[in-house]
Amino acid sequence: MDIQDEDFQLIDQFLDGDIEAFEILLKKYREEIYYFVLRLVRLPQDAEDVTQMAFVNVFRSLSKFKKQSRFKTWLYKIAFNLCLNHLKKSKVRETEELDYTIASDDDPASTVIDRERQEQLQQAIEELPQKQRMTVILRVYQDLSYHEVSQILGCSEGAAKANFHFALQKLKKKLGKVYGL
Amino acid sequence: MDCKKFSRLISEVDDFDENLLSGQAKLHLSKCDNCQKELEWLKTVQGDLKSVALPDPGQQFFEDLTARVHIKLLTGNIKKQEATRSWLNAAWDWFGRPSFAYGLSAVAVALALVVWAVPMQKDGFQRFQQTSPVTFSSDSVAPVTYASASISPADPALPPALNSLSEPELRTAMKALIHKSFNRDDLENIDEPFSTAERDTYLSSDLNQLDRQGLQTVSYLLNQRYPH
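So the sequences go chain by chain: A and B. The opening residue of the first sequence carries number 316 in the numbering used here; numbering runs sequentially from there. The opening residue of the second sequence carries number 103 in the numbering used here; numbering runs sequentially from there.
Wrong hints could be hidden among the right ones.
What the hints assert, rightly or not - Mimicking BS3-like on lysine-lysine, the simulated pairs with C-alpha atoms at most 30 Å apart in a straight line are:
1. K139/B with K488/A
2. K381/A with K174/B
3. K139/B with K487/A
4. K392/A with K379/A
5. K174/B with K379/A
Stated by the list, open to error - Now the stretches of chain A that chain B is said to cover, found in silico as 3 or more residues with beta-carbon under 8 Å:
6. 344-352
7. 431-437
Derived from the structure by calculation, the hints contain no laboratory data. Virtual Cβ for every residue (Gly too), placed ideally from N, Cα, C.
From just these sequences and the hints, can you work out the full model?
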């Protein structure tokens, strides 16, 4: 059974009154959604609140889910919309920097260079226009297909591809020298 | 094919895997140094992006997050009930003024006479029974009333699994919603959804022994009954 069928089966069980099925879905996706939300809203406390609200909304509206997309995509869309609302309400927080760690290898010299380069890369991503940044996050960090990205962002697949392409072009322009291009 | 078109095509391919490109694009890549450099750059950038990890808040954090989802589902309903009660209290204060007291008494007497004079039909009485307020109380907790809560176990709106519960089981389930099964530590670590009064109500409960399944059943049940 693939992941989609498994999720649909859990949804059916939940709608038949099996609360444990919702619990399974919650545990399955909570980490992924939390990290996605954290990348968008930047503050851990806000990410926790938004993630919590996303699952509450899912619980309340699962009976309206039409199964026309993957459950995961629908869940991401709910979380994404909550993030947008949250960001609108707290514009000042867009300047917050995300606290992240960079995987390092054993060579201290190369680690310093890599760290600098990666910090510049993170900074450049933060400065991307919102839709391009969202597309990069969904494509690279969340590993979603263009089809899924388009469903979550509410745009065409072509627009999602274009956003990603233009994001890469901007990164190349800003970081070309850093990467020795 | 030109470099611009190649650049667009490679950005659409999963993981910038050149093996997934069309024959024409592969041919262009084999001949173009710039595009080879760009592909190498894309792969390095992707590697850099993926090597950046967000801090792991730990497993307990996610367990707490799950608990907070349950509590939010729970308190949403309770707050709704409280809103109803505060409206009733406000109405009671208004009508409780002396100037209205006599008028209200007169209306009450007139209504009593009408009710006494008109025999109550049997089916109407049954409907009243099904939708009458449900009140719960314990030794340590003040009574809590769910207005107009129909608790008939044969409710067609309920999922089959919940319809199999008897009326006492449904009552217990609703009771569990109020007194639920989170322990003291869970509650004290969560600031946002609770007022002090709500927290005291939970903590003074003597029904904290209810199991998780009971809580989940209740949570679902009440969300079905009082959807937002």
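Non-conforming hints, listed in increasing numerical order: Checked against the structure, no hint fails, so every one of them is satisfied.
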